[in-house]
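So the sequence lines, in the order shown, correspond to chains P and G.
No gaps in the numbering here: position 387 of the first sequence is 387 in our numbering, and each next residue is one more.
No gaps in the numbering here: position 118 of the second sequence is 118 in our numbering, and each next residue is one more.
No wet-lab data here; the hints were simulated from the structure.
Bear in mind the structure is a predicted one, so any value in this text is a computation, not a measurement.
Mixed in with the good hints, there may be bad ones.
Calculated cross-link-like contacts (lysine-lysine; reagent style BS3-like; alpha-carbon spacing at most 30 angstroms) [claimed, not checked]:
| no. | chain 1 | residue 1 | chain 2 | residue 2 |
| --- | --- | --- | --- | --- |
| 1 | P | Lys-650 | P | Lys-468 |
| 2 | G | Lys-43 | P | Lys-550 |
| 3 | P | Lys-650 | P | Lys-675 |
| 4 | P | Lys-798 | P | Lys-830 |
| 5 | P | Lys-545 | P | Lys-468 |
| 6 | P | Lys-412 | P | Lys-396 |
| 7 | P | Lys-550 | G | Lys-42 |
| 8 | P | Lys-550 | P | Lys-431 |
| 9 | G | Lys-43 | P | Lys-545 |
| 10 | P | Lys-675 | P | Lys-702 |
| 11 | P | Lys-545 | G | Lys-146 |
| 12 | P | Lys-830 | P | Lys-787 |
| 13 | P | Lys-726 | G | Lys-43 |
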Amino acid sequence: MTTPWYLSPPPRPKEEGAAPPHGAAAPRAAEGAPLTGEDSPPLGAKAADAALSAAPELSIQATPPAQGPSFSGQRPPPVFPSAYPGHHEDEPVMLTEKVSVLPDAQGEDQAGAGTGAAVTVPSLSPDAPAAGSAPASEAADGSDRAGDAFEDAGALPRVEAKPVMPDSGPSLAVAAPAKPAESIIGQAEEGFRPEEEAPAAAQIRPAEARPKAEQASDPKPEAGQDFLPKPEAEQASLPEPGAELPPESAAAPSDTGLLAESADPLPDTGLSPNAEETPPLEGLDSKTQHKEQEQSAPEAGPDAPEDSGDIEPVSFFAAAHAEQAAEESSFWADIPALPDNVELQELRALLFKREIAILEKLQARFNDPQVIARKVSAIIAEALSLRSGIDRGVDKALEPVVDNIVQLSLRKRQTEFVNALSPLMGPSIRKSIAESFRSMLESFSKSVEMAFSWKGLRWRFEAMRSGKPFSDIVLLHTLVYRVEQIFFIHSETGLVLAHLENEGAGSQDADMVSAMLTAIQDFVRDCFAGGAQGDLESLQMGDFKIFIEKTPTAYLACVVRGTPPSGFAEQLRGTLELMLIEYAEELAAFNGDTAPFASAVRHLDACMLSRYAQDSTKISLWAKAMPALALLALLWSCGYMYYGHTQEQKRQAALQEQRQAEQTAFLDKMRMAVKQLRAEPGLMLINVQERPSPPWDITALKDELARSPWDILREHGHDPLLFTFKLVPFISYDPSIILRRAQASIKLPENVRMTLDEAGTLRFTGTAPMAWIAETRDQARALPGVKHVDMQKLHDPKMEEIMRLMDIVEGTVIEFPLGKDTPVPQDMEKLTRAVDTLVELERLAKPMGFNLSLTIYGHADSTGLDKRNYEISQARTRTVAAMLYSRGSSLPISMYGMGSQYPKGGEGAREPSASAQGDQANRRIELRVHLFRAPAADVDNIIQ
Amino acid sequence: MINKKICMLGAFSVGKTSLVSQYVHSVFSDKYLSTVGVKISKKMLVRNGQEISLVLWDMEGKDIYADINTSYLRGAMGFFVVADGMRRETLEIALSLRETVFTLLGPTPHRLLINKADMQDKWEITPAMVDTLHESGVPLLLTSAKTGMAVEEAFIELTDEMMRRR
C-alpha cells in the first residue's frame, strides 16, 4: 500500500499531540504521537485524547493506555519487520525511524531538518487532524531555529515567512506541536519504541487514514487561501479524530481550541499576506518546533536516510535531510492549506477526487526509488557531463566517494590490482630506478671529486678495508657495467652451444656452468613456481647478475657486472631471436655436436658490452698532493700491517714447515729402519703398513738364524716399539745365513777357518785333525745351502810330524861290514836314532787313530855266493829288529833279506860294483814305515 | 666437439656420486655425502679420434619420500641406473627408474650398473638374478666405485652406444 507521504497521517498526530507545548497533556500526546502520528488519524485522535486527558498530568508518559491498545506497548517491535517489507509502507516506517534518530541529533542541523519536517507535515494534512496541527507546528517553527533551518534548506520563501512566525507562531498552533515535542522527548527516553510501534501504526493506518486524510486534506487545498489561519483547521481536524473516539476527541478540540485561540492573533497580526503559507509555522513554539522538526525531519527524507539515520547520527545525513526537507517545504510553501470547513473538505474530496488520485499516483511514482532510478539513469550521464562543463561540482562531490571506493577496493583486491598494474608499471619503475641510481652514482662521484678529490684515497682505504685489490675497487667504481660472460645454451639438454667470456673472468668450465644454470632453472621452477608458467629471468650475487633470456629451444645467459642499461635485456632478446632464426635447423637437429654453432660467437660478441664511468677530474696542486701524502701515510700503515701480517704468516708457515719437516723426518726415519730391516739377511719383509704415526705393522719371514728385528732396530738406534712384527719362520739361502748355519752346526777347531763362496762352496782352511776333517766333510755336505765342500787347504800338524818322522826313519841307511850282520860302529848311532824316531812315531800315531808297521829290507853286496848273500841280508834285518824290540818298540815288523839283487844303484847296481866303496853301500838295511787307520770304534774312543 | 648429457639415476646411497668421482677424478672416498638436487661434472674423452665431452648430471638419489626430479632428465642422451648389490630393493628402484626414463625420453642408451662389486660376498642380488637380467636384455655391468672395477668400461660402452646412435 503506497500512501503518499504527504497523505500519510503520521506527522499529524505527533504534531497534534505535540502541539500543546503548554498543555500538560502534551507529553502524553507526544508519546502517543509518534505512534499514532505514523499510524493514522485515529491514532492521532487517540493521541489527542491522551493529550487531553493527560494534560494535567503532564509528565505521565505512562499514559500510553490512553493512546489505545495498539500503542499501549509502545515498544512492540514485532510489527516492525512486517512493516518493512512493504515497499510503500516503508515510508511511514522511515518516518518513525527518523523520529528515533532525531532524539540523538539535537543539533541545529536537526533543527533544520525539523523545519523541513515541519514543512512536510502539512503534506500530511490529508489526515485531517494532522493537517491542521502540522501547519501549526510549522508556524511554531517560525522561531529563529526554524528560520535557520529554512535557510539551510534553501527554502527561501519560508525565510520571509519566518520573521512573522516568531510572533504569531507561538500562540497559534502550539497546542499541536507541543505534544509531538514531548513525545519526542519521551521517545528519546524510551529509545526505539516509537520506531517499533510506528510500523504497526503504518500498517494500520492506510485503511483508516485514507478516508480521513482525504477528508482533512481536501478541505485544505480548497480552503487553503481562505483559511489562512490554521488554527481553525487544526481545530477542525482535531475533532475528526475525535469523532472516532468521541470522548477524547472532545477533549482534544478543547485543547486545540485553546491553542487556536491563542494562535488566532497571528493571522491578525497582519501577516496574512504571507500567512497563507506561514500560518502553519506561526503556530509553533520555537521549542516545539525544534522538536517537531526532529520528528518530522525523518518524515521528510522518507527514502534514503532511514538506515543511515539509525546507524550514523552524523550531521551529514542530517544535512541531507534538511536539504530534502527544505525542498519539500518549499514545495509546500505555495500550496494553500486545507479548508477547515468540513463541508468544503468534503466538497473538495468530491470535486478533486480524480486529481487527488492522479496526484497520489504521481506521488507514488515519484517516491518509487526504482522509477526514480530509471529516470535518473537516463539522464545521469548527460547531467554529469553538463555539470562538469559548468564547474567542478561533480568532481568535488565524487571525490570522497571515489576515494573510499578505491581504498576499499585496494584493500579487498590487492592481488588483482598488483597484477593489473605490475606489467604497466614494472618497466617504468625499473627504468626510473636504474636512472635514479645512475644519476645518484654520478652525483655521488661528482661530489667525491669536488670534495678534495679524496676519491683515490678512499678507494685505497676501501681496498684496504675490504681486502680486495685496489684495481678491483677502481673497477667497481669506474665500471658502470661489463658483460663478463655469455652463454648460448640448448634449453632441453642444458648443453652449451657457444660461449664467450672476458679475459680473466675466471670462470668455471662452461659446460658445467651451463648445465648447472639449467638445473637451477628447473629447480626454481619445480620448487617455487608450482608449475606456473614463466622462467627464471635473473640471478644476482653481489655485483654480478645473470640475465637469462629464454625460449623453449635455446636461451642466453649473460653474466654482467654492474648495472647494464635498461635496453640491455632487449638487446639480448634480439640477439637470441636472431640466433634462433639462423640456427633453427641446427637446433632442431641438435644431438650434442656443437660444431655448427661455432659461428654463433660473433652474435655473442655483439653482446659483450661494457661501459666505464668517465673520470675527468681536474685536481689542484694541493688536491694532488693530498692523496699523495695520504697515500704515503697509508702505505706506511699498510706496510706496517703487512709486516705484522707477513710475520704472522711466516710464523704460521714456519710452524707448518716444521710440522711437515717433522712428518718427513718421521717418515724418513721409519723408512730407513725398514730399509735396514730389509738389508738384514735371513729377514724377508713381506708387507709394511705405513702410517703417519707409529707403529707400523710389518709382516716378515725370518730364518731362525737371522737376528731378531728388534735387535736390528736397537742396533741402528731405533725404538723397537715403532714397529709391530708378525714373523713367519723359513730357511734362508742367503750366503751369510748358510755360513752362519754351518758355523752353528760345525765345531771348528782352533786353526780352521771356514768360508763360503758365491757358488755355495764351503771352504775350510787351517789345521785340524784328520779325523775331524773326515767327519766334518760329510756333515758340511748335508747343510742346506751348501753345494760343495772344499777341505784341501785343511792341514793336520801331527800328521805332518808323523810324515817327517817317517821320512827320517825311511831315510836311515845302516851299512854293515863285509860278511857281518852287525852294523859298522859309526852306523850304530844312526840305528839308535831311527829306533828312537820310530818310538816317537808310534807315540804320535796312536792317538790319531793310526797304527804303524815296519818293514826291514836287508841287502848284501854281490861278492860271494848269492845264497850267502841272501843269508847275511836276512841276518842283518834280524839284528835291526832285535835292536828295535830291545828299545821297547811294539811295532809289528816284517823282515825281508833281499840278497844282492837290489844294489843301491838301482837296477844297474845289481851288477857287481866296481869298487869297494860300492860294495860297502850295498851292504845295508833299509826301513819302510806303514801307516794305516785303526778301526772306527777306536777312533771314536780316541777322539772323545 | 661433441657434448653429451648423461644422467646418473638410482636409489640413494648406491654410489652414483662415487662412480662419477671415480670416473672423473679417479678418486674414491668411503665418506657418504648425500647429493641434493643435482651435481654436475664433466669428463673429456676421445673415441675414434673424436673428442667428446660428457656432461654428467649426478642426480640426487630416489628415496621413498621423493621421486626423482624428472625435469633434470630432459635432453639426456644417455643414462646410468645404479643399484647397490647389497640392497636388493635398489635394483627394483633402478629398474623402475629405467622405465620412467623410457616413458619420458623413449629408448635411450643406458647401462644398469650394479655397484659395490668389491663386496660381492655380501650381495643380496644373486648371480642368478644378474643372469636373468642379462638374459632379459638389460645391459648391465657389475662395478665397484671403490676399486674402479668396470667403471671406465661402463662409461666408454655408453659413450660408444650414444655415438653410434647419432
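For each hint, the structure was consulted:
no.: 1; hint: Lys-650(P) <-> Lys-468(P); result: holds (21 angstroms)
no.: 2; hint: Lys-43(G) <-> Lys-550(P); result: holds (27 angstroms)
no.: 3; hint: Lys-650(P) <-> Lys-675(P); result: violated (35 angstroms)
no.: 4; hint: Lys-798(P) <-> Lys-830(P); result: holds (24 angstroms)
no.: 5; hint: Lys-545(P) <-> Lys-468(P); result: holds (19 angstroms)
no.: 6; hint: Lys-412(P) <-> Lys-396(P); result: holds (25 angstroms)
no.: 7; hint: Lys-550(P) <-> Lys-42(G); result: holds (24 angstroms)
no.: 8; hint: Lys-550(P) <-> Lys-431(P); result: holds (21 angstroms)
no.: 9; hint: Lys-43(G) <-> Lys-545(P); result: holds (28 angstroms)
no.: 10; hint: Lys-675(P) <-> Lys-702(P); result: holds (15 angstroms)
no.: 11; hint: Lys-545(P) <-> Lys-146(G); result: violated (40 angstroms)
no.: 12; hint: Lys-830(P) <-> Lys-787(P); result: violated (51 angstroms)
no.: 13; hint: Lys-726(P) <-> Lys-43(G); result: violated (44 angstroms)
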